[in-house]
Each structure stands twice: as C-alpha cells, then as structure tokens.
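Protein sequence lines, in the order shown, are assigned to chains D and G. Going by our numbering, the first sequence opens with residue 2, and the numbers climb by one from there. Going by our numbering, the second sequence opens with residue 2, and the numbers climb by one from there.
It does not matter which identical chain is used: a pair holds within one copy or between any two.
Mimicking EDC-like on lysine to aspartate or glutamate, the simulated pairs with C-alpha atoms at most 16 Å apart in a straight line are:
#1 K259 - E274
#2 K513 - E427
#3 K293 - D101
#4 K90 - E106
#5 K349 - E360
#6 K373 - E501
#7 K293 - D99
#8 K488 - E460
#9 K513 - E426
Keep in mind the hints are simulated off the structure, nothing from the lab.
Number of protein chains: 2
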Amino acid sequence: MEKAQAKLELQPEGEQDPEAEAAARALLTDLYQFTMAVAYWRAGRAREPAEFELFFRRCPFGSSFALAAGLRDCMRFLRTFRLRPADIKYLASVLPPDTDPEFFEYLQGLDCSGVTIRAQPEGSLAFAHVPLLCVSGPLLLVQILETPLLCLINYASLVATNAARLRLIAGPEKRLLEMGLRRAQGPDGGLTASTYSYLGGFDSSSNVLAGQLRGVPVAGTLAHSFVTSFSGSEQPHAPMLAPASGQGLPRDLSTLAKSWLGKVCECLGLRAEETHPGERAAFVAYALAFPKAFQGLLDSYSVMRSGLPNFLAVALALAELGYRAVGVRLDSGDLLQQAWEIRSIFRKCASRFQVPWLEAVSIAVSNNIDEKVLTRLARKLVSVRGQPCRKLTEDSEKQTLPGTKAAFRLYDPEGAPILDLLQLEEEPAPRAGQELRVWPLDVSGGDCRSLTLTPASLEPLLRVYFHLGQVCEPIPSLAESRTLAQKSLGCLSPSHKRLEHPEPYQVALSEKLHALLKGLVQSNQEGP
Amino acid sequence: MEKAQAKLELQPEGEQDPEAEAAARALLTDLYQFTMAVAYWRAGRAREPAEFELFFRRCPFGSSFALAAGLRDCMRFLRTFRLRPADIKYLASVLPPDTDPEFFEYLQGLDCSGVTIRAQPEGSLAFAHVPLLCVSGPLLLVQILETPLLCLINYASLVATNAARLRLIAGPEKRLLEMGLRRAQGPDGGLTASTYSYLGGFDSSSNVLAGQLRGVPVAGTLAHSFVTSFSGSEQPHAPMLAPASGQGLPRDLSTLAKSWLGKVCECLGLRAEETHPGERAAFVAYALAFPKAFQGLLDSYSVMRSGLPNFLAVALALAELGYRAVGVRLDSGDLLQQAWEIRSIFRKCASRFQVPWLEAVSIAVSNNIDEKVLTRLARKLVSVRGQPCRKLTEDSEKQTLPGTKAAFRLYDPEGAPILDLLQLEEEPAPRAGQELRVWPLDVSGGDCRSLTLTPASLEPLLRVYFHLGQVCEPIPSLAESRTLAQKSLGCLSPSHKRLEHPEPYQVALSEKLHALLKGLVQSNQEGP
Numbered sequence: 002m003e004k005a006q007a008k009l010e011l012q013p014e015g016e017q018d019p020e021a022e023a024a025a026r027a028l029l030t031d032l033y034q035f036t037m038a039v040a041y042w043r044a045g046r047a048r049e050p051a052e053f054e055l056f057f058r059r060c061p062f063g064s065s066f067a068l069a070a071g072l073r074d075c076m077r078f079l080r081t082f083r084l085r086p087a088d089i090k091y092l093a094s095v096l097p098p099d100t101d102p103e104f105f106e107y108l109q110g111l112d113c114s115g116v117t118i119r120a121q122p123e124g125s126l127a128f129a130h131v132p133l134l135c136v137s138g139p140l141l142l143v144q145i146l147e148t149p150l151l152c153l154i155n156y157a158s159l160v161a162t163n164a165a166r167l168r169l170i171a172g173p174e175k176r177l178l179e180m181g182l183r184r185a186q187g188p189d190g191g192l193t194a195s196t197y198s199y200l201g202g203f204d205s206s207s208n209v210l211a212g213q214l215r216g217v218p219v220a221g222t223l224a225h226s227f228v229t230s231f232s233g234s235e236q237p238h239a240p241m242l243a244p245a246s247g248q249g250l251p252r253d254l255s256t257l258a259k260s261w262l263g264k265v266c267e268c269l270g271l272r273a274e275e276t277h278p279g280e281r282a283a284f285v286a287y288a289l290a291f292p293k294a295f296q297g298l299l300d301s302y303s304v305m306r307s308g309l310p311n312f313l314a315v316a317l318a319l320a321e322l323g324y325r326a327v328g329v330r331l332d333s334g335d336l337l338q339q340a341w342e343i344r345s346i347f348r349k350c351a352s353r354f355q356v357p358w359l360e361a362v363s364i365a366v367s368n369n370i371d372e373k374v375l376t377r378l379a380r381k382l383v384s385v386r387g388q389p390c391r392k393l394t395e396d397s398e399k400q401t402l403p404g405t406k407a408a409f410r411l412y413d414p415e416g417a418p419i420l421d422l423l424q425l426e427e428e429p430a431p432r433a434g435q436e437l438r439v440w441p442l443d444v445s446g447g448d449c450r451s452l453t454l455t456p457a458s459l460e461p462l463l464r465v466y467f468h469l470g471q472v473c474e475p476i477p478s479l480a481e482s483r484t485l486a487q488k489s490l491g492c493l494s495p496s497h498k499r500l501e502h503p504e505p506y507q508v509a510l511s512e513k514l515h516a517l518l519k520g521l522v523q524s525n526q527e528g529p
Numbered sequence: 002m003e004k005a006q007a008k009l010e011l012q013p014e015g016e017q018d019p020e021a022e023a024a025a026r027a028l029l030t031d032l033y034q035f036t037m038a039v040a041y042w043r044a045g046r047a048r049e050p051a052e053f054e055l056f057f058r059r060c061p062f063g064s065s066f067a068l069a070a071g072l073r074d075c076m077r078f079l080r081t082f083r084l085r086p087a088d089i090k091y092l093a094s095v096l097p098p099d100t101d102p103e104f105f106e107y108l109q110g111l112d113c114s115g116v117t118i119r120a121q122p123e124g125s126l127a128f129a130h131v132p133l134l135c136v137s138g139p140l141l142l143v144q145i146l147e148t149p150l151l152c153l154i155n156y157a158s159l160v161a162t163n164a165a166r167l168r169l170i171a172g173p174e175k176r177l178l179e180m181g182l183r184r185a186q187g188p189d190g191g192l193t194a195s196t197y198s199y200l201g202g203f204d205s206s207s208n209v210l211a212g213q214l215r216g217v218p219v220a221g222t223l224a225h226s227f228v229t230s231f232s233g234s235e236q237p238h239a240p241m242l243a244p245a246s247g248q249g250l251p252r253d254l255s256t257l258a259k260s261w262l263g264k265v266c267e268c269l270g271l272r273a274e275e276t277h278p279g280e281r282a283a284f285v286a287y288a289l290a291f292p293k294a295f296q297g298l299l300d301s302y303s304v305m306r307s308g309l310p311n312f313l314a315v316a317l318a319l320a321e322l323g324y325r326a327v328g329v330r331l332d333s334g335d336l337l338q339q340a341w342e343i344r345s346i347f348r349k350c351a352s353r354f355q356v357p358w359l360e361a362v363s364i365a366v367s368n369n370i371d372e373k374v375l376t377r378l379a380r381k382l383v384s385v386r387g388q389p390c391r392k393l394t395e396d397s398e399k400q401t402l403p404g405t406k407a408a409f410r411l412y413d414p415e416g417a418p419i420l421d422l423l424q425l426e427e428e429p430a431p432r433a434g435q436e437l438r439v440w441p442l443d444v445s446g447g448d449c450r451s452l453t454l455t456p457a458s459l460e461p462l463l464r465v466y467f468h469l470g471q472v473c474e475p476i477p478s479l480a481e482s483r484t485l486a487q488k489s490l491g492c493l494s495p496s497h498k499r500l501e502h503p504e505p506y507q508v509a510l511s512e513k514l515h516a517l518l519k520g521l522v523q524s525n526q527e528g529p
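Chain D with its partners taken away, still in its complex shape:
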C-alpha cells in the first residue's frame, strides 16, 4: 500500500511549524566557531562583510555528479536563528571567564537579517567545485552558520546523490522503497535519509514520520516477526471474508486456503505437510486485514517448500472471492535465482488455475541491496526495496577560488549540458549563441588550455533564496524537487552518468576568474 501525501510547504513566518523548534537550535555548531567569533569581535571585525561557499571537492561515490539538497532545512534554520538567553548563558559558561561581557551582549542581537543565501535549486545537478550554496553576511555570524549549514546540506546531498545512482541502475520503471530507519544515525538521521532518498529518486519509504512531516510516500506490509508469531495451532479468529464484489456470502478464508493448498502442492509436486501451518495462518490473518493488498513474505521458513505454496494457497483463495494479491517479497538467499523460479511458478499456476493476473504479480526483494547487487537484479525484477548507502564522504568547505562568483550551465543544441562556467559575479553574464572563451578548471594546479565554445542555451545556477533575513524565493515541494532531479539527470550525457569511471563533467572559469586565480597562485609561490 502506498499513497502520496500532501507536501509540507515552507510555512510563512509565525505559523506553526512542528519541526521549527528542533531545527532552530542556534547552538548546533562547533565551539571553535564561537571562540573564533570572540576573536573576530575582539579584533573589531564582527560586522566585516564575508562570504563562504559550500561545494564538493570531489563528487561523492565516485560520481561525476551530485544532487543539491537540504536547502529547505537551511531556510528553516536561518529563518528562526536566534541566540536565546539560555543559549548565551550556556556559552558564557564554556568560554573563558574573562571573555568580555560585551561580546555576549552582541550575541543577543544576532539574527540573520544581514544574511543572503544564493543556492542551486533543490534537486538540481551539482558538479565538483561549483558552489551548491553561498552564504554572505557579517563575518562573525557567517562563521557561526558554517557548521549547521554544512551539516544540513552535506548529508542531504549525499543521500540524494546515492539514491539517484540507485535509480539510474534500476531504471525509471522499477519501484524503489527505502527502509533504513532502524539502522539510521538516530531518529533525525533516519528522517533526513528517508526524505532525501525520495528526492533523489526512490519511490517511497517505510518511515511513517517522513510521510507525516515531509510528505514522502510511505509503503510497507509485513516482517518475519509477524509470520513467526503464528504457530498455526491457533483457532482462526473471525475468518469469514465477504466477496470483493459485495455480492454473495462470506467464506471462511482459512478453510478455503487449506483446500487450495492441496491443489497448489499437487500442481507443483510438493508435499502439503511440509508447509508451515503458522506461516499460512499468518498469511490468512494478513489477508483478512488487507484482502485488497495481500503480500506474502516468503522466507521465514523455506521459500520453495513452504512460503511459496502458502502464498499461492491464500492468493488463490482470495481470487475465488474476487481479490487480487499484490505479490511476494524475498528477504534472504539468492534473490535473483529465487525470483526467476518464482516467476515461472506464477506462470504455471496462472495457467493451471486460470487466474491470468497471477502471472504478473510483483516480486519484491530486500536485504542489503547495494549498487552491485542492484545492478545484478535490475533487469529481472519488478520492485526492489533497498537501503541507500549512507557513506559519509569528504565535503570541503575550504574556499579555493577567490571572489564572489556566479555560475552558469551551458547547453548544446540538443539540450545536453556541456559544462558549468564559474565567473566573478560582477562580470556580464554569457549569452546563448555567443562565442565564449573559457578555462577548464585544472584541479591539479597545472597549466591548461583555454577552450572556445558557443552555447546554444544557458541558465544561471545560483538563485537568491534568502536575502537580508527574508525567504525570497519559495522552495518547491519535495515531489517537485524530485521531478527536477530526474529531469536534469535525463539530460546528462550517458558518459557522465556512468557509475564506474564516469567521464568527469567539465567545470570552467571565465577569463577574468582564471587570471585572478593565476595571479594568486603566483603570489603564493613567491611568498608574502
């Protein structure tokens, strides 16, 4: 069962936001940001204009691309950022006792009214060295904001990128369900992972809270504990089920399933006594609760000798009453081999018992599905439940290219991105159809040649989302960002989308930025 929910839009200032209180903890930062703040303040530099950029030095997971994500959480954090008296009191207790009391007075008035955020849209393709987010504002404040914004953008973008890679492997049609909550880094780690797995391309999550708070479609049926909690010796409780049509008398589903079990075992050459009666009782109980959404989890005992015939018995009993089972799930063993065998048995039974839809019911698989396993599975299966990998990878906050920058994506006539161009913000924007000389970014620092090209079209990458304390461009809904991600990925050339050894996507500098960087490198080499 699965149902998309209304999306949680960013709410206007003042309205109730269930997450605002938790998100708005201004002390979510490293202590060294505050010790540096004291020193900036002491040096008379607190209000000096400053900017920092968040970008990937290398895209995660060996990708040529990343997905930009986490902007909504940043907006929520910034809008409500304030140091409450209790926060300042706590800070005073951990900073040296001789810290100037005027510093703490200064903190009392601190808010984001002087802060501006430029960022790539949520869900867009982000390449190495191109900023995902630029924060500008007073030096002291921007320094304090560095840690929370990194924390909010970094993990969200990693999870979204990982999900996008799994979606590329699975192809557009397969259903991908994330169910990693129990292994997540705490409740909020799980909430974030479920949210951004969806943004990156998963269809749904098992995490109910992600559904309630973030509008992620939720899905799920049953686990082994349910199956093994039935022994089969219980008296079936209220086993009567009315036909789907509403016409005709209710039948005892338990008895009906037992009679179908004999026919199924005969057809498949199995022994009915080898099937587990508790497993069948569990399937009957689940089918009674959800006759229109019955799914069998097959591997609590033996998939082929018990789980499968029990599923078929209940599914055919349901069919007799006019209901269609949803399918089965496998959670252990050789998933692909078993899925093949099960599909052929479904075909056989569909034909033998004249229930055509049985041939095509879904076979879902789960159990530590990573990119490698998914690659093997992807061509054969209808539906896959995976847990996106949560590898944390280095994301660097160090600014290597000088100056406040603008960024543009240049497209060829077919609409495929050619390269991303970084330039100084004050330079005139490039124009479609106009020849342009650019300098491909050479990370190794060596000298490289300029490139001349004429983009068929282009778009600016960084938009102002937050200006002087106000959200000035609404963040699209999560589902809209998810669509943008898939659309952008769709335009990217296959050579960049390749998951292993992808061709690096080119990022280039304008003439002016290139000259500025060259000058800096030389002056550094010559010493101060």
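We have chain D; now place chain G onto it with these hints.
Same frame as chain D, but now just chain G:
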C-alpha cells in the same frame, strides 16, 4: 578551553524537557509495523503478551565487545509515547480506506502503561547474543515500538563502541576530542554521535548543542578560515594587553610578537620574511581574545617555515606578559613526523629562551584520524582530535533463542569476567562459589560440549528500568555511564580487548535453555 557541564538528568513526568517534543514522535516507525498492527488487531491478538530483544548478532567493528548505550533516549521516547489525533488521522490516510475504523479507535488509547523494559545499564559491556534491551508488553504495541527502540539503541551503541576502541588505542591519558558534526547524518545524527562518543570514552566534543542539551564537555579553538581571513596588512585593532598578574603596564602584543619573531627565526635558522604576516596577525588576534588559552593552528601556510615561528613569536610575547600558551594543532601532512620535529623545537626554544613550560605544551592533531592512524600516533602525542567512525553495522532484531531470559556475568577471583550466562527467567539465579554446568553458545548450530565452572562472583545484567509505564530506576548521568564503561573495559582481559582478531568472549546457556533450544532445533529439522 574545556569545561564539564552539569548533566542533564531525566526529568520527572510533567516537567519541561526541551527534547521531549522532538523525541516523542510516535510515528517514528516503519509503516509495516502499523500494517502488521492492523492484522494483529484483526486477528484478535492486539493485547496478547509479547516480548522482543535487542542484541548484536556480531559485535560491531570486529570487536569481541560492544558498549550498551541509548537507554536514556528510549526512556524519553516511551514515557511520552502517545498517538495524537493528527497522527491517527495521518495513519488513516495511508492505510487502505477499508481499514476497520475501530482499529483507529484502539490506537487512540495506546500508551506504554503495559510496557516493561529490562536492559543492561547504560555504558556496560555487552557481548554478542546477550540482550542489550528486552521489551515486553501487548503484542501490537511492542511491534510498533520495535523500530524506534532499535533506531535509538543501535546507533548509540555503535558510536559508543567505536569511541571505546579509539580510547583503548589512545590509552587512558591522551585527550580525545570529537568534531564530526559537519559530516554527521543531520543535526540529530550529530547530537547523538557527540553524546555517545563521550559516553564511549572521548573527553569532549566540538558540538555546542551536545554540551548544552546533554552535558558533554565541549572544546575547540580556531579553524583555517580564521587564519586565512587575516592578510597582515590590517592595522592591529586594540593590540594592548595587560600582564597576567594585573601588575604593570599593558603592552602592544602585535609589536611584541614581531620582535620575538626575529629572535625565534634566528634561533631556528629561519627567515622572518618567509613567515606569513596574516597568520601572525590571526594568532595575535586570537591571543588578544584568549590570552590564557592561546592555541596555534600551524598548517594554513607552511608549518615549519611560517606556522611554527609565528606561534612561537606570539607564545613568547604572551610569556613576557606572564601568560602560558596552551599548544598547537596540526591538521594535515604527516602528523607524527611533524609532531616529533615540533616537540624538539619546543625543547630547544624552552631552553634557549628560558621558558621551561614551552617544552611540554600540547601538540594536538586532527584530520581523518581512524583506528589505524591513531595506533601509529598514540604513543607519541599528548592530545588527539578524532572523528569516530560511523560505520553502520548489522544489528539483528531476530529472536533466535526462545523464552524470556535472564543474563548474568560470571567473574573469576581477580574480578575479570569469565563469561555471560543466559538462562530462562524462571530459573533460580546462579550463586557465587557454587559449581555450575553451562553450554557455550555455538552460533554455527553444531553440537558443543558443556562446561563446568565455579564463579567467584557474579552480577545480573538486565535491570528493570521501565515497568508498566513508569521509569522505575533512574538512568545515571552521562558522565557516570562513561565512567562505568571505562571501569568495565578495565576488567576485561586483554585478549578480548585486542582490536584485531580478539578472542571471542564466551556466552553460555543454562542447562534448561540449552535443552529448550535443542528441542526446538530438532522439531524444526523434523518439520512441523
């Protein structure tokens, strides 16, 4: 700078708990727990007594041990667990429309008044297969609680175990600072990691929120961005510093540092012109803000030709005014080699300038310090900043040993644990000095021999922390749990503490539990 804070105690029912609202989200669970709940309810089994156990099938990171952690978060979750009308409305929107409305009425009355939690104390040693936590209560509710309790215990225990391993490598004296917030799985992932790194043996965290909310000691000084934000051409702002004694006239620290730079460079055979003036300006600014807690971050430019002489210049200027610098930090390059060289230069300058304390100031290192790097560093350095690894490892919730169990740790006459004994709860407890026959747990399922032993002393491992909806044993403070962890680890034999290929710690079953298990295995093999 570092200061332990008052610990956040679990607050009595009704008092304000800043985290309660965020933690008490009853929908923090997998949807399949609710679909199963519908089916249990439909089958008349909602109130049937049930129990599940949380344990590690294999201890994480290849350890022979884990640390039990996360209990406090579980208590917080359970105490406030309630499905609010909005939660139930949301559930109704994602479950099939024909779900019996009486099910949702049943959910309205659901709370933890029928739930009992037995658990190993926070911070205690937990071995594979011995439950960290046992939850008993009505089947439907216990099923819903499975995911959030796993989520809360699993990650906390992983982080604590990882921290304990790093502490074993570093030895008891070295200072370990966790600073992983910016790479964490979102804000709460970071909060949890900082909290349980401390419990597992770290000294402090850079995460200010973990200090404020959880009482973790916080520490931190400055980052590269601070150093590089000074060019050196700025006019020093308010550079006058009064002597530490309060006696005598303030001096211009900037000028003083410059004059010391000449002497330092002469002593070390360096050229003062090669040092970066911006770096020195940053050090002076930081020293003016924190004259009693000055630390130099050495690797923004060149450690040996700029960072170190600049640090020494400022440290010696401070010394002239009666202040002692805290030390230096290295964040790149060959940390060990550099630390050696720096220590020898400190000795040389301490002697040359007659500032004895300079010889022994701390050399802190950071930058992706994992177990391997730490092993190399541990013998040489005073203080290490690391980021505990956040590997998620399989934690299984599947119950393989039947029945409600009691667990005891048996000790030899020297107070070292010999083995953990699992038995049925109804069996009489073993006694110190009394001979006992036990069956070592054979995970492979093969037959193994019984063992006879006489424990010198023993202790029960599982205590009742929550009974019928009430917290019935206070959770010790975080710092107390941290002490318990180190004390328990101290008693464990070195062969089990070895980080690579440790000798597995033995877990054994009582005669009765062993017989019960054997019977079950046989009946499974014979089929139902």
